[in-house]
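Q: What follows is the residue order along each chain.
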Amino acid sequence: MTTQALYRKYRPQTFEEIVGQEHVTTTLKHALQEGRVAHAYLFSGPRGTGKTSAARVLAKAVNCLNEDVTARPDNSCPLCVAVNEGRSLDLIEIDAASHTGVDNIREIIERVNLMPSEGRYKIYVIDEVHMLSTSAFNALLKTLEEPPAHVIFVLATTEPHKVLPTVLSRCQRFSFRRIPAALIKEQLRYIADQEGTEVDDAALARIAQSVSGSLRDAVSLLDQLISSSSARLTVEDVNTFLGAIPTEAIGVLAEALATSDAKTSLAQISRLREQGVDMQQLAAQLVAYFRDLLLWKVGGEMALPDSDAAYRQQLSAQAQRLSGSQLSRLIRHFSTIRTDVRGGMEPQVAMELAFIEATTMGTVPVTAAAPAVSTVVPATKKATAVPSTRQATPPTTPPTTPPPRKAPQKSPKQPAPTAPLSEGDTLDHIKSNWKLVGHALRQQRMYRLQASVNSSAPVRLDAGRLFIDFQSELSYNLVVKNVHEVEQAAEQVFERHLKIVCLLQGQYKGPALVGDPLPAQPQPEKPGNVTEIANDPLVKAVLAQGGQIVSIHGKGEERPNG
Amino acid sequence: MEQKGSKSTWLVVGHDWAVQRLQNQIERGRLAHAYLFTGPAHIGKQTLGRALAQALLCTSDTPPCGVCRACRLVQQNRHPDLWVVPADGGILKVDQVRAVEADVARRPVEGRFKLFIFPDMHLVQPAAANALLKTLEEPPAHAIFILTAPTAAALLPTIVSRCQVYRLRPLSRQVIEEALLQWSVPPDRASQIAGLADGRIGWAWQAAHDDTLLPRRLQQARDLVELIYTANRWQRLQAAKRLAGDSHQASQVLTVWASVWRDLLLLHYQLTDRLINVSLLDQLTPLAEALSVVQLRQALVRVHRTQRYFEEHVNMLLALESLFLRLPRLRRTTF
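Each protein sequence line maps, in turn, to chains A and B. Just so we're aligned, residue 1 is where the first sequence starts under my numbering, counting upward by one. Just so we're aligned, residue 1 is where the second sequence starts under my numbering, counting upward by one.
Excised from the complex, chain B in its bound form (with noise of 0.2 Å):
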């Protein structure tokens, strides 16, 4: 469970548990030289990481002040000795890794430590993998190695037994919304974008700074509830079609799309208080009723597979079509 009101100084919201760690190893001088942050998209392995750099470089007495030049330079990523190495169009490369093993060896430029944040370790090369396999091992003592992945098992084995790996959770919705009312995001938005957000505090961030995510998001739950009562084939080709013409959104639609369909399965087994769209309640119940278990499953897995054509590169459109026509169909009533 999520405690509030830690009395850390961390600019983190939740995981608590990971911060108090991490304090904890700091106080006692027992750092380990590698980390690992894991956990699903947007639910602030980064920021833990780079929270961490902040309170290994602050200068102040109570690191991190969060106000010091070295802070503030951590959280422009512009600090002489931190590395930010992200993946480089899609890649992790290994002249990456190379570099920053050419790099390790040297004296950190201001603190006594140097940091270096591998953010999409999922992404890496395998030979890059392996060429960061013996610094990952042994480091010299003023290096520090944060790599962040959605899941363990997405690196090497031998790189995972070299960190020390933090499995950070899905925030639970109260603690998101509470981080919300404090970016003073209005109360009735804060809950709503906290039921959407899943745990994933990131969303939750870009939420409540882009106005158009929310009406977004929620159009597009609505436009599937349509398609289901949409019995005609050439209206569904023709969605199909419109939402062809733009292929970052319909990935992001499908996403959403998955949501609702995981939604109305928890629906159908009565599972209201887990639900992700709860604003659309009232209609997903008579869906839920309505559709068979089987049917509620099988949309589900299309949904996933056609997510996974999409990454495959297979034709957008056809990969879309085979979807709609395939989705249930049920008839509008009025009870």
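Same shape as in the complex, but just chain A (with noise of 0.2 Å):
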């Protein structure tokens, strides 16, 4: 009932059905018109090159009867024909990953003395050589370096680095190469009119792109195509069956990076999920985009000649928007996704995760070109949870903010968080971020004064000078000493050059300050606040014992941890 599979109906039977490996197939032809046929060939290069066939090739053309050299194989006389049926007693092949032991390349070497038994030499194949052992490499190697005058061995291998460097020196070496599309395509075009099927061009041009240069692949993709299709065969039609996605789909997410769209990006996975887009095969895609694109930036049309003319417009176009190092710090980004699955993180959130942290993290930092993007204000947004008192905070998180000047890239994962102020914002802004430039001092490993900057707390704000005040005199010596540090932090997050000025419970205890001196008493900002925490009946019970109210912090803020 199964009908011969296509790749072996259409397996090449002479030098010039090889596809796409002229520089071994002439080399070959040469030798054997010049009757310079080496004793042993490795064949190296891609699966679905043309390995085993050009093996099978050359041991009938070494055999053939046929009088002219140039006309063998000839595929007519009973040797070759004796070859294509797959009976030839002077063909040897050896699956050499099932035979990987000391003992079957003995039992080779045993025969290897052997007369042919009808043409002229014994050709070994030996294929996926790579997998013998150590201990049959080195069995194999005094036979191969000086066999009997009637012995040819052919090694074929898709690893050719694994093979002992003394089993190559003793070889002739071809490199097969991985198959341009277009011929892939054309021999496609062939099958398919041979075998009498409708088959849309587009449909092959996509098989072909699909299978990286292994025509093999190619022709078992459309024996499959053929066999389970009903009418024509469409691009569609491959590319539901390849789970492969849409270079436009891929686009608008690389669209969506650019520009930070985590929405954008989060709608288009989904819907490529209904659509049942494999995330492995996304992510991969996506990687190979992603290089695709540097490549283009790189070298331009030249980088990339097999490619259409619309994706060449694509990246083109897209090219502009990203920068060389986001291009290869977003390829390493996706090519995590594969660990995290791994990992047992299901697939789609491995994705959308991997988006989310792309979009706002900072990993893509936005070029002119692109229009505004939202950055993330993280703590920010909890204002809207926390009583009613902070109400009066001002919009601290708008929706898309001004392009930030130059993200901090100190550590690509996790780039510090910002919170640009601008000319309307108020000290209330400060203190609800104030966190963020501990977080922007953790960055950079200074855990010490992190805790020193969140254990203190900002209590005005004048003329670009941030007066923060400390409870420890310890905390209050560390960021004096490191005050520097903490106005560069300062200004990452808020993206506005503040001068720092530190109080100890209040009091100004530096040099000096020109103009404005020092606030007398660092007035809680809102009069009716104290009041209002007066009342709170632990504060109350506090005060009762003779405490005393130096400045309020925001209540609901989570304390500083992980």
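Incorrect hints may appear among the rest.
Unchecked claim - Derived list of chain B stretches under chain A, where covered just means 3 residues or more per stretch with a C-beta under 8 Å from a C-beta of chain A: (1) 20-27; (2) 84-91; (3) 151-164; (4) 168-176; (5) 179-187; (6) 255-265; (7) 300-312.
As the list claims (entries may be wrong) - In silico BS3-like links for lysine-lysine, alpha-carbon gap of 27 Å or less: (8) B:K93 - A:K9; (9) A:K162 - A:K142; (10) A:K263 - A:K185; (11) A:K29 - A:K185; (12) A:K297 - A:K431; (13) A:K162 - B:K241.
Simulated from the structure, these hints should not be mistaken for lab results. From the three backbone atoms N, C-alpha and C, an ideal C-beta is built for every residue, glycine too.
Put the two chains together into one complex, using the hints given.
A: Set out below in structure tokens:
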């Protein structure tokens, strides 16, 4: 019932039929014509590029009975036919993947000296030779170096680096190339016509693109598609079958990344998932797409000769939006999804997280060409949930803020979030985002400084000076010594330079200040607050013990941890 | 897109394209010798495999009829020409594969085909996978292999390249809802289950037949909301202790929580139409507004990390305590 697979039916029978490996086939043909056939060959190259086929053709050619040397193999003499029908005694094919042991090789060596039964040569084709064990390789060495005159070895492998150097040096080596998509497409067209099936050109092109240079994969894909589709084969059929994501959809995602648009990217992922897209495939295609973009940036059209016009247009439009370093970062970022999924994370969630990270954490700072971007302002969001005293806070999280001048790039994984300070913002804004300064310090591994800054409270802002108050002398001293770092961190967060003035328990202890000196008493910014706080039962109790209200901190704010 | 009302008689909900394609192959006698069905858990991979077995073994004129003796035997896993080889204790072992290989060459007892279903191919031992390779490449003409796994990436590439791969996708909410209605589930319940099923028809089937599943799931999601509003560490630790008592339940709860956090993230971006826990929308919205993306993302990552800890047999109580203490805190407000 099962018909012979197309890739076996259309296996090349002559050197000319081997697609895309002219550098191998012409060399072999010349060698044959001049009678200079080597005793050992190593064919290496990716799967499905014609290694085994070339080995068989070579086997036929050396034994072919045709008088005309250039016409060999003629596929009509008894010896050629015997090979084609798989019953030649002089062509010995060994699958090294399942015969890895030294005993299997010893068996070969024992028989090497026997003369060929019909032809001039005995040809040993050892496929997947990299799977041989080391001792098997070593057993083969001596025979491979000086085999009897009637023996030709052809070793074939996809992984030549796993073959011992001593073996490599005894063989004539031919590297098979990935077959260009255009040639694959041509071959598919030929097969489709021979089979008498209707196939769209675009469908063939899509197949050819998807197989990364392996003709066998392409042909067996075509085989499957022909056998399962009812009418004319279209590019949509191919895409559904491959689970491949159309490049436009990838483009939408890349665009969302370029503009840091988490919402669009999440919606797009959901849509793709509903269409049955495999998230790992999506990750792989994204990485491939970024790679193409990177190549495009570097080499322009030259870098991607196989691509079609629409794709090129898409690339050239987006290549301007993303810088080289961003792209390489994105490639690395999306390559980790694979390990996340291995670790048991659900693929879709891993993908969504990767996008959220990439769009919100400053992995992709915007270039001038991109439209406005939403930056994340954590912590401040909480303001809506804490009691109403904070309702006066100006809207600190505008959905779109002007593009950050230069997002901090100290650690690409988690750059500190920012909360740009705009003209209208008051001390409240700084207060509610004060922890971010600590966070920024943490990014630079200044943990002690972070702790000290977190224990301080901003109390006053005027003329670009920010007064912060400390309760503990220890923290105060540390910050005073490193005030420059804190200022830098604050600049990162608020995107404006602030001169930081430290107070210890409300008292200024440093050198005299220029201009307006210091606040005699750090005024609580809202007198109403004090009475309100004083009414709190807990505070009341403390006040009754002789306590004093020094400053008022945000109630709902989370303690710094983790 | 899923189309409703396909003309086929296959006992499969959704996946019409796959059914159509398989049907075509059967009609033209161009069957492959090995199929691989991939897709998330509970979306009907095995069901499709069984339906394919029925279609091939059915003795009526319009296979699969679902009523003939062969079809019924397949449904009950008792057909002599159907081998189902599930993982044994979490692993698909070499011995199981060897047993299959020993039997592959024998002629089928009743029909023209002999089917081998491996429902947990991703749990295969490497040695077992390699042992299967040769049989999978050139099985006898009467043998057809059906493998299922969550993703093709979980299998050896050499296995995958020998199979025709069908990537089954989550079903749309509508298809699931219609299926539930056909199983005579009341409409409002059907719609609720379809929402929570997240494309997994198998889960929807379970939920429709187990009355406790749905309320339990809702309660688990509510527990999380409650926990976020619980600032008190002592209470949080107590909650962790309660959950750690039952390991099976704990991992279920984490799965639900992961879906809640994901919903919160989506809500944060106002993507309301993709939510899973729709019935909790009122409770989730204020959370999504109050929490930052960073917090939401971290919480989701932490829940996942804890799930992985479970698999790695980390002390469950410690893992849960660490998770619970680090979940964001909010104060309940009345607006």
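Q: All hints are to be evaluated individually against the structure, with a verdict given for each.
A: Hints, verified against the model:
no.	hint	result
1	20-27	holds (count 5)
2	84-91	violated (count 0)
3	151-164	holds (count 5)
4	168-176	holds (count 4)
5	179-187	violated (count 0)
6	255-265	holds (count 3)
7	300-312	holds (count 6)
8	B:K93 - A:K9	violated (36 Å)
9	A:K162 - A:K142	holds (19 Å)
10	A:K263 - A:K185	violated (39 Å)
11	A:K29 - A:K185	holds (26 Å)
12	A:K297 - A:K431	violated (44 Å)
13	A:K162 - B:K241	violated (53 Å)
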